Amino acid sequence: PVVAFSQDFPVDLQSLRKEKDSWLDPESMEGYTGAVYSVEEGEIVFKGHLKEGHFHGRYEDYRSKPDSFGSKGYERGTYEEGSRAGSFEVYSSNGKLLEKGIYLNGVRDGPYSAYHDNMRIWIKTAYLLGRWNGPYESFDRDGALVSKGHYRADSQCGVWVQRGKTI
90 PVVAFSQDFP VDLQSLRKEK DSWLDPESME GYTGAVYSVE EGEIVFKGHL KEGHFHGRYE
150 DYRSKPDSFG SKGYERGTYE EGSRAGSFEV YSSNGKLLEK GIYLNGVRDG PYSAYHDNMR
210 IWIKTAYLLG RWNGPYESFD RDGALVSKGH YRADSQCGVW VQRGKTI
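Counted from 1, the sequence shown has number 236 at position 147 by my numbering; the numbering is strictly sequential.
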């Protein structure tokens, strides 16, 4: 008798069929459920899960090209039914925390912090529907306040203090 056993190996996204915003099993044409990954130039650039063809659950999204600091880094977070949702963290290639915040329905929404490479706070603000909105503070590498003010829909508004001078 043949005994079937289940193994949940990650599947390369390239082996699935993409239609609109769904990833389908090419044989059954049903939404794929299981662990997935993606490769670019021989390196894994994404690890996550699909549920019925939509990203769902924890993910790691590796940058395929270096950022302005020369770091490839990666982002960790969660998908819910195809959209990024909940807390996320961005790390440098050497594992240092660079950013943390919250996604709501695929856009940044809520408290947000960015950090210098020495782990001191750099930016402290909030997002509302993907735009900076609310109190804003930035600090230099030694922790001294550089600027402080308020954002509304990505625009500075009201009184701002920069390097001790009111603007």
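FYI, nobody ran anything at the bench for these hints, they're computed from the structure. Be a bit skeptical, because a hint or two may be false.
[As the list claims (entries may be wrong)] Pairs of lysine-lysine, BS3-like flavour, derived with a Cα cap of 30 Å: (1) K237 x K254; (2) K213 x K161; (3) K107 x K140; (4) K136 x K185; (5) K189 x K161; (6) K213 x K185; (7) K189 x K213; (8) K185 x K109; (9) K140 x K237; (10) K185 x K107; (11) K109 x K140; (12) K237 x K213; (13) K161 x K136; (14) K237 x K189; (15) K213 x K254; (16) K136 x K213; (17) K140 x K189; (18) K161 x K140; (19) K185 x K237; (20) K136 x K107; (21) K213 x K140; (22) K109 x K136; (23) K161 x K185.
Note that the structure is predicted; figures quoted are calculated from it, not measured.
Q) Is K140 close enough to K189, meaning Cα to Cα at most 30 Å? A) holds (25 Å)
Q: Would you check the hint for K237 and K254, treating anything up to 30 Å between C-alpha atoms as holding?
A: The given pair, whose Cα atoms are some 10 Å apart, holds under the 30 Å limit.
Q. Is the straight-line distance between the alpha-carbon of K189 and that of K213 30 Å or less?
A. holds (10 Å)
Q: Sort out whether K107 lies within 30 Å of K136, counting only the CA atoms.
A: holds (17 Å)
Q.
Would the hint linking K185 and K107 be met if the CA-CA limit is 30 Å?
A. This hinted pair is violated, its Cα atoms lying about 34 Å apart.
Q) Within 30 Å, alpha carbon to alpha carbon, are K161 and K136? A) Given that 30 Å is the threshold and the Cα spacing comes to 15 Å, the pair holds.
Q: Would you check the hint for K109 and K136, treating anything up to 30 Å between C-alpha atoms as holding?
A: holds (20 Å)
Q.
Just to be careful, I want the Cα atoms of K109 and K140 compared with a cutoff of 30 Å; is the pair within it?
A. holds (15 Å)
Q) Given the proposed pairing of K161 with K140, does the C-alpha separation stay at or below 30 Å? A) The given pair, whose Cα atoms are some 28 Å apart, holds under the 30 Å limit.
Q) CA of K185 to CA of K237, is that 30 Å or under? A) Between K185 and K237 the Cα gap is close to 25 Å, so the pair holds against 30 Å.
Q. Given the hinted pair K213 and K161, is their alpha-carbon gap at most 30 Å?
A. Holds, at roughly 23 Å.
Q. Are the Cα atoms of K213 and K254 separated by 30 Å or less?
A. Holds, at about 19 Å.
The structure fails to meet hints 8, 9, 10 and 21 from the earlier list, while all remaining hints are met.
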